[in-house]
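Protein chains: 2
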Amino acid sequence: MNSFTEENYLKAIFKLSSPDTDGVSTNSIAEELQTKASSVTDMIKKLSDKKLVKYKKYQGVSLTKKGKIIAISIVRNHRLWEVFLVEKLNFKWDEVHDLAEDLEHINSEKMTERLDEFLEFPKYDPHGDPIPDKNGNVYNHKDVTLADLKQNEKGIVVGVKEHSKSYLNYLESINLVLGAEIKVDDIIDFDRSMSASVNGKKLVNVSHQASKNLIIKKL
Amino acid sequence: MNSFTEENYLKAIFKLSSPDTDGVSTNSIAEELQTKASSVTDMIKKLSDKKLVKYKKYQGVSLTKKGKIIAISIVRNHRLWEVFLVEKLNFKWDEVHDLAEDLEHINSEKMTERLDEFLEFPKYDPHGDPIPDKNGNVYNHKDVTLADLKQNEKGIVVGVKEHSKSYLNYLESINLVLGAEIKVDDIIDFDRSMSASVNGKKLVNVSHQASKNLIIKKL
DNA sequence: ATTTATTTTTAGACTAATCTAAAATTATTT
DNA sequence: AAATAATTTTAGATTAGTCTAAAAATAAAT
Ligand SMILES: [Mn+2]
Ligand SMILES: [Mn+2]
Ligand SMILES: [Mn+2]
Ligand SMILES: [Mn+2]
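Just so you know, the protein sequences line up as chains A and B, in that order.
Take the first sequence: its position 139, counting from 1, is numbered 138 in numbering that gives the first Met the number 0, and each next residue is one higher.
Take the second sequence: its position 183, counting from 1, is numbered 182 in numbering that gives the first Met the number 0, and each next residue is one higher.
Treat each hint with caution, since some may be false.
When chains are identical, the list treats them as one kind, so a pair holds in a single copy or across two.
Below, a list of computed lysine-lysine pairs in the DSBU-like style, where the Cα atoms sit at most 35 Å apart [to be verified]:
#, residue 1, residue 2
1, K87, K164
2, K133, K91
3, K91, K122
4, K211, K109
5, K14, K87
The hints are simulated quantities; they were obtained by calculation from the structure and are not laboratory data.
Build the full structure now, drawing on both the sequences and the hints.
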C-alpha cells in the first residue's frame, strides 16, 4: 500500500490544509516534517502519481479525496492509540505522542474499529483533539484560546495547540488540565501575560506564549 | 537504533537457533524471511559489524548476547500484543499474527511492561507459545506432539507448531483448541492418521500432517 | 519595470535493502 | 582423490528516500 513515509506526508499536508487557503507550500511541509524542500518536491510527485494529492509545479499541493481519507484514518488511529495509552496503560498525556506516531501506521480497519469499541467510542484524545469517526467526519473545536479571553471572562480548558512535553508538563503543574475552569483576573498590557484563577481556587500567572496555545470553551 | 528489517533478521536467527547446533545457515534464514541468500549475507555482515551476531564466512551465524536480548524482547512484544488482540479486542487466534508482526517493532520498554501488567502477566500467547519474562527467560514446552502419542494415550493441547490461518481454523472447527483433552483411539499404519476423541465426547480423524503440529502435554 | 529576494524545482550523489548472475567455498558422490 | 553438487559470497544493478548545490520560477522591493 503506502509506506510510512508517504503516510506521514499525507498527514502533514492534511494538518497544514485549511478551508480558506487552497495549496500547501513545499516549505511548510518540509518544516513540519523536519526535512528539506527538495525531498518534499520528490515525494509530492510520487503522491501525485498515485492520485493522493493534486499538484501543479510551484503552486502548492492539496489532498485528493482519496488522500484525505487516508490522512484522516491515520489521525483517527493516532488519537485512538493515545486514548488507549492514557486510559488503559496509565501513561501521562505528555508521554503518548511519540508512541502513537508509530502505532498510527499499523493499518487494520478491523483493529481500529475494535479499539474504538474497546475504548467506548471516545470523542476526544488526551490533548482534547477530536477523534474522527469511522466515516472520516471530524468536528474541530472552535478556535478560542485563553489569550482571546478578556478580563473577568471564564472558560473551560478543552484542548492544547502545542503538544510538547515541556508545555504539557507545565500545564499539569498548574492544574490547567482538560476540564479545568479558568477565570482571567488580570491582563498585563506590557507582555500580554495573565493572572488567572483555576477551578475558583488558586491564582496563577500565564505568559502569552502559554495562553495562546490553550484552547478554551467560553462560559 | 535497529531497523525493522534488522530486527526481523535477529528474530529469524533466534527462531532458527537451537542449543545443539551452533550456526544458523544463510539459506535457512533466507527461507524463513522469504528472501535471497545474497541479501542475507549482506545483512549478516551489517549485524556482525554492530556486534549483534557472530559470523565467520561460510560458517553460519549465531546471536551474540546483545543480539539475543533484542530478539527475545521482540518475541515478548509479539506475543503480548497477540494476547491483547485476542483477550481485549476479541480477535480470533488465527487473525492476530500479522498484526503482531507489525506491533512487535514498536520499541518501548515502558509500553511493553505496562501492557504485560494490563494483561495480568500472561504466561502463554493465544497459540500456546510461552511469553518471555521481562528478564528474557523463556520456558518452552517439551516438544511432544499428538503424533507422538500411542493408542489409548491421552493428552492436553498446549500449543501449535504451525501458525497458518488454515491450520488454526481447521483445529477450531474440530474443537482442538488450547486446553482440549484428546485421546488417541486408533492409529492407521498406512498413513499414520489417527482417530481420536476430544473432551471425551466426539470422534475425529486427524492426518499425520495435522497431528505432528499439535503440541501436547501427556496425561 | 527592473532588480533583488524568496521559494521551488532539478541534477546528481548517497545509504539501506533488495535482486540476478557469476565466482568461491564447502559438502557429497563416485 | 577427483568430480559433481549444493551452499555461500561477491559484483554490479535497482528502488525508496534523502541530501547539497545549482537553476528556474515566483514574489517583493525599489
Ligand atoms: Mn499526538
Ligand atoms: Mn493528541
Ligand atoms: Mn505470531
Ligand atoms: Mn503466537
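To see whether the hints hold, each was checked on the structure:
1. K87 - K164: both (20 Å within a copy, 29 Å between copies)
2. K133 - K91: This pair counts as both: shortest intra-copy Cα distance 26 Å, inter-copy 22 Å.
3. K91 - K122: For K91 and K122, the Cα distance is within 35 Å both inside one copy (18 Å) and across copies (27 Å).
4. K211 - K109: between (38 Å within a copy, 32 Å between copies)
5. K14 - K87: both (27 Å within a copy, 32 Å between copies)
Checked against the numbered hints listed earlier, the structure breaks none of them; every hint is satisfied.
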